[in-house]
Amino acid sequence: MAHLWPVNTQIIDMVEIADGLPLVFTWHGRTRRVKRVLADWMAEGDWWAEDGGEQHRYLLIQAEALILTLAHDLIANTWSVARLAD
Amino acid sequence: MEGLFIAPRRYAELQCRSYFSLLQGASSPEQLVTQAHAQGLAALALTDWFSVAGIPRFQRACATVGLKGVYGAQIRLDHAGELVLIVQNDLGWRNLCRLLSLAHGGLSAPESEKEWIGKVDPDLHLAQLESLNAGLFAIMDARRGPDDATAQSLKQLFGPRLRQGLTDHLRADDGRINIAAARRAEALDIPIMIIGDVMHHDHAHGKLRDVLLAIDQGQTLTEARLTGSLPANHQAWLRGSFAHAARFPDMPEALVEGARLADACSFTLDMRNVTPPRFVCPDDLDPHAYLEQRCWAGFAIRYEPDDAEARIRLTHELSVVQQAGLSEYFLHTAALCDEADRLAIKHSGRGSAAGAMVSYVLNISQLCPLQFGLSFERFINPQRTSPIDIDVDFDSSRRDEIIRHALTIHGREHAALVCVHITYSTRLAMRELGKALDLPLETTTRYAQLYDRHSPGSAAHRIDLELDEAGVPPDSRHPLRLFAQLLRRIENVPRHRGQHPGGTIFTREPLCEWMPIERASMPGRYVVQWDKDDIDELGLPKLDLLGLRSLTLIGECERLLESRSGTGQKIDLNELPGANYLPDARNHRYASRAGYVLADDPVWKQLEVGDAIGLFQVQSRAQIQLIDKTKPADLMELATEIAIIRPGPIQGGLLKAYVDRKRGLAPVTYLHPKLEPLLKRTLGVAVFQENLMDVAIALAGFSPADADSLRRAANRKNATQALEQWRGRFMTGCSENGITDDIAIAAFDTVRGFAAFGFLLSHSASFARLSYQTMWLKHHHPQYFYVGLMNSESGFYSDQTIAGDLRRHGLRMLPLDARESGWQYTPEGHSGIRIGFWRLKQFNKPAFEVLAAERERSPFTSLRDFARRVPMHRDALYELTRSGALDYLGERRTLLWELGEIAPRLDPLPLIHHTTPVALAGLDALARLEWDVETSGLSADGNVMKHLQPVLSAQGFMTLAEIRALPDGAHCRAAAPPYIFQRPGTANGVCFMGLEFDDGLLDLVIWPQVYEKYRSYIRTSTLLKFEGTVQHNGATSSVIFERPAMD
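Those protein sequence lines, which keep their order, are chains A and B. Take the first sequence: its letters are residues 0 to 85, numbered as in numbering that gives the first Met the number 0. Take the second sequence: its letters are residues 0 to 1046, numbered as in numbering that gives the first Met the number 0.
Bound-form chain B, shown alone (with noise of 0.2 Å):
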């Protein structure tokens, strides 16, 4: 036996991929960090397959335990030979950025848009890394490595910055293959270092990656396997510098190679320096002389003139601004303002910008600071280090308009989407994992159907629970067992990347040096390879350009307003008193100009009674029935009913205690004096994410940027564990500052709360005023409402229960007609809204364009002339007949048999066809609306219940009226169609079940354990029939389920 042989004294692992290698790596980069850092090894890259995605986490990780990170990806030249590249400098990684957007197609000029479509692999040319090489190392792998010719290229590229790397995963032919790589690179004079070719970072995760690799290949496990997809074992994981020793003994040089390599690296991400593109300014003026003469314009709109504390405000706000060096940045987000109001597009700015008079006067938020007490400081002071963004939400059905818009301005080069990786959800995880465990499909779709609500990992444990109590051991291998325990390990992981709904990066510099761009699916974008939290973390400000329903909705009803006035007249509703009340003395512009009196607005009367459907933030049934509690007098109170309603402060237990206070049931106490005038308009309850700050301020000592850096902090992703990071730092500075150990827990606790989600003030602010437009929209112009609340598809509502809703206020819902019908819902008359064609899912706008002007020619005579003049494929015919859309050419049966004999003859000429008359019965009523909702979504003969209900009551099941006549406390049995189930996070398990009777809603309260017990029943049924006990709470009413009521 030949001798032992001698670890390397320094390994460094330099070929590493993580999950961000979609469907190939296992494992997160903190994962490889920890895993790397435990087997003491002297560095680690992270090389993705073409990606960076995943550097900034890994950057992180590395910080917190230590360890040297070196950047990198892994690449393909030529649909052939694979390099991993190791970033030595700047200028490595700015020529990798480079390289990747190319393999991305993020560099490809729009008109290749066509070519590019379909091209999901990316893959990069020799010629192409000549001039992109410098301050880049190159490692070939043996295994999956270039042929020789390219080998020999590679070299008078690199010179003396290419390895051959060496691999031995313990497979057959390894040690052939290795062999063969260091004989070449003997010839070639090249350096060999071995690499681990990792792929997760312990021998367990091996089984996650199998099922990922027959997930990127559609197969199960076993096809996989049966087709070489899979490896042979699962050595691919982050292993020690003694494992490699043990495959090497011979090549001491080569064990340490890496760690040589990763000496030489000097690189760190930091975008800090990252500037936005200049602005063009008229008459070649600085660009901060320049926003200061837009802002001072801005002001003289905005504010009196003599308004000195306003004066002073934007004088200071400027100075910081300048301070800070974000003129342009400022003026670029005013320029796409003024583009939005230049097309009649809605926008309204919110989050912590919306927080500054110089976002006030430019126009890009709507709310003036110093009415709701809004610190500059919040979002933005000269002591801050973390990047500032800016959020304006534009109508959604035209928000692409300003994207483009913003893209097409900067360039390709200089501006980009920030990206989302989309992670397995748990119904996603559920049915890959068990397709590629080859599960019977029934037995996933179950599954999926009770716990989609979960992430993936509670999932898991309630089958592993189902599992125990039918008695299947845990460590069997029962394939339920499987299921689980990849279910826990696919957590987290991406699938995909996507684009961010609206996070927008402008860059002085070409973007493709810092970041790489890669095209996206939809023609024109362009995407980056990071998210929104990497982009924060990594000091980059960002502007989001989001999309907001309630503006496409507000903006219909201001247009169906001028248009159908009959004067022409605009209406501008961020003008309303309402919209702009609160009871202090800035108010007085509002209040005396339109003699506005809070107390005799019908508006909020209208909102205090819970009729809330459609309106914006306060439509769930969790906010009416606060509402209907606290009755908020103004949009102060408003702004804080909107946040409450936020995982954060309902978790902090923040809700109960504001909402008895507010009450009067219990008295307002603060935490510490000090906190006090800090928490005086919140009743002593920290609601806003402002409040945290203050809280560290007051108590523990923080600056306003440490302040800030906390509430970011509340804001990650995993903000639990990035919010403990600052408890000792919490703790200490309140102990400095006098506070006792027994009030700083308890106010670190508030702080803690925060990271479940809450709101900022000014953001809620901006919604609340969004939230009064669209109530006095339903109040006073209830029909043009609700057009838009279905034409913006805005709130949580479906159309069958908005329309419930309407008909409750008066107004009538027209059926779907060829003769009358637009494409979406039109107001007619004064009170009625016609059905559009727009829900029929074989029926085209094109065909509906030709339609319209087909009937405006001359009326359709029969089903025959209709085919022959709008043309179209038979479904979509039928489906057009199924809809009742051309009942009065006929009734819908016999309309169907003539079509089913004219359809396959259709031709342009009016030939006559003899066809066999039939006599068919008409549908009856229930039918009909069955075919109704079936083709359109709903139907304008009400909903099922108005059928059902005279059937039900003869069994004994109550009306809505009959339940809400009884007594509080009393038993009922009643039956209705679901319309909503929620089972909120911070309800400790507690479910909410929506039911649409025929005259009103229902809220059901399902308790967990009587929840666990029917949770079948109440998941699968279309019409739950239950038994419960009536509960009232001012003007609205539930029931507690007690258990299915038995026919």
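If we strip away everything but chain A, and leave its shape as in the complex, we get (with noise of 0.2 Å):
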């Protein structure tokens, strides 16, 4: 089963990133080191909009045992789990 996470609430903080990529992060007071980027993906959504839309990178990642897919949101510069595989 998997959970989902609307964007920017499931906070992380990111100790360490190497070329734009996560490489150990904190989440829910444990930190977790990166082991791969599975894939990783953008999506700029509707910039027309009022609120400016998203502007999001995605990236799957395997961390320790969990599968997790991250966004990084590129406007606010911050990042947040989105998706947890288990």
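Hints in this document: simulated from the structure, not taken from any laboratory. Just so you know, not all the hints are guaranteed correct.
[What the hints assert, rightly or not] Examples of chain B residues toward chain A, derived with CB under 10 Å:
| id | residue |
| --- | --- |
| 1 | Arg170 |
| 2 | Gln218 |
| 3 | Leu220 |
| 4 | Ala231 |
| 5 | Gln234 |
| 6 | Ala435 |
| 7 | Leu436 |
| 8 | Asp437 |
| 9 | Arg476 |
For each residue, glycine too, the CB sits at the ideal point set by N, CA and C.
With the hints as a guide, dock the two chains, each given alone in a separate frame, to form the complex.
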């Protein structure tokens, strides 16, 4: 079963980043190391809308035993967990 | 975390669309090339959607920055798989052009016309690639590529020239699609290469692409998003090798494959060897021998046999024409003019070709080059590297006959029209952007009304200023900020392709092997994908078969003179002494034969008093005022006047210099003594494009060929940039000739002035002759002149304004009448002009023909009788009744009542229907005039001011006569409807407005600050009430607008 959250609700602290890709982050008080990036994609939403729409880069990662989708809000420069597969 | 990627040493982008992939790509070829160069790409291919329209500009841009350019196009097979075709060599180019021509119906026979109409979505079939794939590489798109079976077939066709492309735009499914494509490629043994599927040059232009996609779908952006018409992101921009390597770190070979392919491509576009179709000469004569024969026969008509100067000139021209291999080109052009003569279609040569004696003796032009001192070298010379073009004007109402003839005799494989790329105008851009952004219609309508005369970019600037004043922050997400931002970006973006008014190309080899041909929407027309600048750039000779409405006017007048004179005698206006008079010896033929004395010519006198409405080239208010100030005395001076009211000379500050010198208010001086003999006739002012060349040759030591290239640079769309490239050479040349820097700089400034468009003397002189002919007609045969003027729709005055002018010349406008009116305007009696039916929107020509036949048979006795015998749609009958054409059958309102009763029961049998008689009040004069104008565009009863002026006078608003009687500088208060508004780019923001009073026209001048203050009132008023200051300029008067007048 997968858990889905709206982006920017499950905020994480990114401890280490290299070339725009996450290496180490903290979520719910626990620090995790990214083992590999399985896929990534970008969504640029309704830029004409009043709120400017989204501009996110998504990364499907393996962090220890977890498979997570991280969302990087490119406007606010914040990271959050969008999906957890277990 | 897995390892870092390594960027390939060389990456070439071989899948890239520009904005010539109409409403798909968002960047110009130049923007793409600049970006590719900045990204350090090894090469860039331009692969537009079924198009090579951007290739000439792309090639030029690549040469400028030193980037390897590769040519190709993107196609679709059987409405399914997409494929990029890359040109490897000359054969590949020919095959690509044939394929694109096939896809666009350019090679379909005219018989299939009906099937083709409405087909706008190009497509190709796999079978068509079988014989036309040599010299081409093919790259299969991973996302939109062909299915497995087609991929296998392509492998058989292309063999080692087939590649599987992989693209990553950071979309969620890119990985899955690429893996599947790579597996198939491996199975079929097809090499893989990385391609960018580029749609715009930088990330920011992704917004414009979204908008173009929404426009293409006729949707708002939100609708386009919901229906999946927009991409998930804006990653289809032209990225460098680093970005691609990051996405495909494990595929170093695929990353450099594009560069390898580009290295194997050696094709460069060069059309200089294209030759015109063979001309079939009588008696198996060699084409040049036949040209000589024809020219000397024409010489015998145009010149005295012992005219040594003319004989030497023609001999020289013929030798140069032979050397340049242009004999057949002239013969083809002459043959078209012969055909026009055979069909009694008026024609007149113009442009640089009009300066050649060969053109004159072949009857291509009617301008003696010796008379005007026109140099043949301006048109063609042995060193010239650029192509020539010949421009011939035809009676615009019949030009189509000539174009059809030209396309028919050469065949559709060898002749086609040049295209035009219709770019976004301000109004269109506002309408379509507004719709995409879902702005209220009234908002975009308001902006379009206020800014329709500007480019989208400058309109955007004004909107931003308004928002600044309203306190909207520049970086806000206010919809109008986005609107303004996109207006700037959409500037120059092509919207669709159309056909040039008459630019035609003929080739001996099949044209479709040189350039793609498309079937135009007009039946029987075929167009190439390049516009006139592209054709010029590529070195192709072109023949412009243009339409000129003033020739329609002159032609109609000649026919009326012949048919109504009673003698059946033909009058050739080309032979009028005044249309050929110049004060030098060469004019003796005209002066002595007709006893012509210029000073006695009343035609010139009429022009001098500003009576110029409807006259060819001199009817604008600016021209009328110039003529009033300078009083041109002969054709050369008239040609100067015509040429000087052009953006080039005006922006170069030459207009004022010429006027002051002509009026004796300033001395005639020359920038340098060397220019005195060259600019003497134009009082030291460089008015014509020939003068630009004179300056370059005399001061900077340019060869005639280089000077001509400079002139052509001034004629380009981006002329300012093109001319700047010549600056260094011009300054060096001047320095070597001992010309001081200050003179050289001033001289180059003169040259730069022509970037904004100027005329050739040969062109202007040709126009001056036609201008005199229209003057002569207006003076001697005003009735025919006005009939021809309104029927030809020449000039820029409305029929209503022209009707006012003809009344002031003692003629009468006669109302539309079903008993008398023709289809168009017709002369009646000695002073009447009858309004015709053609302006009615619902009533068509076939209905008129029935009407004409029926009234010939017996008069119409009632509305019912009319309705029964001339069947037409109820709306047409309604309009006809409102127009007053049936006034003789009853009062209009009563007839409309009657129409309401009988219309549903109209039948071919003369059955008796009972109607209810009613007594309706008749229309008052003003309402009748309003109905006349609404239906026919004008009223025989005069204009609205005839009825309003008494009311306005009672309120203290002056008549035109009262304004004219005021002293210079006096204050006035008046009101009249505007008939024209102009804000020329050359007038530094000053606006000009024409107002039509009952007793004449008045010019209103509006200074920029005043215009900005009252812009909305000025642009939206149908009756402009104003206060201002009177200004008298000789025979003309104008008013400086100060403010709107209150009631």
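Restraint outcome when Leu436 of chain B is required to lie within 10 Å of chain A by C-beta distance: holds, 6 Å
Close enough to count: is the Cβ of Arg170 of chain B nearer than 10 Å to one in chain A? Hint on Arg170 of chain B: holds, closest Cβ of chain A at ~6 Å, below 10 Å.
Cut-off 10 Å, beta-carbon criterion: hint that Ala435 of chain B touches chain A: holds, 8 Å
How about Arg476 of chain B: closest beta carbon in chain A under 10 Å, or not? holds, 6 Å
Hint check: 10 Å Cβ-Cβ cutoff, Asp437 of chain B to chain A: holds, 8 Å
Hint check: is the beta carbon of Leu220 of chain B less than 10 Å from a beta carbon of chain A? holds, 5 Å
Double-check Gln234 of chain B for me: the hint is only fine if its C-beta lies closer than 10 Å to a C-beta in chain A. holds, 6 Å
Closest C-beta approach of Gln218 of chain B to chain A relative to 10 Å, hint status: This interface hint is violated because 13 Å lies over the 10 Å limit.
Ala231 of chain B as chain A interface residue, shortest Cβ-Cβ below 10 Å: For Ala231 of chain B, the interface hint holds, since the closest Cβ of chain A sits about 6 Å away, which is under 10 Å.
Hint 2 from the list above is the single one not met by this structure.
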